[in-house]
Amino acid sequence: MKKWDVIGLRFAFSGLSILLQQRNFRIEVVLAFLAIGLGFYLQINAQAWLWISLAITLVLAGEAINTAFELTLDRVGRDYHPTTKQAKDIAAGAVVICCLHAIVIGFLVFGPRLWALLFA
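When we follow this note's numbering, the leftmost residue of the sequence shown carries the number 32, and every step to the right adds one.
Since the hints were derived computationally from the structure, they do not count as laboratory data.
Check each hint, because a few of them may be wrong.
Pairwise CB distance ranges, derived in the manner of DEER restraints [what the hints assert, rightly or not]:
id: 1; residue 1: Y111; residue 2: F71; range: 24 to 34 Å
id: 2; residue 1: K116; residue 2: G68; range: 14 to 24 Å
id: 3; residue 1: I38; residue 2: P113; range: 33 to 43 Å
id: 4; residue 1: W80; residue 2: D105; range: 32 to 42 Å
id: 5; residue 1: F150; residue 2: L102; range: 41 to 51 Å
id: 6; residue 1: I128; residue 2: T103; range: 12 to 22 Å
id: 7; residue 1: R144; residue 2: T103; range: 17 to 27 Å
id: 8; residue 1: K119; residue 2: G142; range: 49 to 59 Å
id: 9; residue 1: D110; residue 2: L148; range: 52 to 62 Å
id: 10; residue 1: A99; residue 2: V135; range: 24 to 34 Å
id: 11; residue 1: F64; residue 2: K116; range: 53 to 63 Å
id: 12; residue 1: R41; residue 2: A92; range: 18 to 28 Å
The list that follows gives simulated cross-link-like pairs (lysine to any residue, SDA-like), each with its CA atoms no further than 25 Å apart [stated by the list, open to error]:
id: 13; residue 1: K116; residue 2: A66
id: 14; residue 1: K119; residue 2: L69
id: 15; residue 1: K119; residue 2: G142
id: 16; residue 1: K119; residue 2: A147
id: 17; residue 1: K116; residue 2: Q78
id: 18; residue 1: K119; residue 2: G108
id: 19; residue 1: K116; residue 2: G137
id: 20; residue 1: K119; residue 2: L148
id: 21; residue 1: K119; residue 2: L89
id: 22; residue 1: K119; residue 2: A92
id: 23; residue 1: K119; residue 2: G68
id: 24; residue 1: K119; residue 2: L104
id: 25; residue 1: K119; residue 2: Q74
id: 26; residue 1: K116; residue 2: A63
id: 27; residue 1: K119; residue 2: Q53
id: 28; residue 1: K116; residue 2: Y72
id: 29; residue 1: K119; residue 2: V37
id: 30; residue 1: K119; residue 2: L91
id: 31; residue 1: K119; residue 2: E101
id: 32; residue 1: K119; residue 2: F150
id: 33; residue 1: K116; residue 2: I49
id: 34; residue 1: K116; residue 2: F64
id: 35; residue 1: K116; residue 2: A92
id: 36; residue 1: K116; residue 2: G39
id: 37; residue 1: K116; residue 2: S84
id: 38; residue 1: K119; residue 2: F138
id: 39; residue 1: K119; residue 2: L139
id: 40; residue 1: K116; residue 2: V135
Model, not experiment: these values are computed from the prediction.
Each residue gets a CB set at the ideal place from its N, CA and C atoms; glycine is no exception.
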């Protein structure tokens, strides 16, 4: 492995460490672990795991991009500006879209199994 590869990994892990300091990211990580635990409990199949892992990845990556975007905008201009607010709101809205998609996937994967478990 080249020296630059190791340095790149160090930067990536530093970024993950910064993300774990963010409240929303930590909440989403906890929810991801709950979804994974529920998947093991309900013994979902490989296709369902693919959908769950995609949903988790989409939400966490969306939150990471949103956080990086917000930190960059905060650095560029510390003064309030309506366009900066709009950009941050749009980025946060993108995370909400990712979360809504994850919820739909969760209902499609877990819903029928939970229904059968609760009302069988």
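Task: Violating hint indices (sorted, rising) - done: 1, 2, 7, 8, 11, 13, 14, 15, 16, 17, 19, 20, 23, 25, 26, 28, 29, 32, 34, 36, 37, 38, 39, 40
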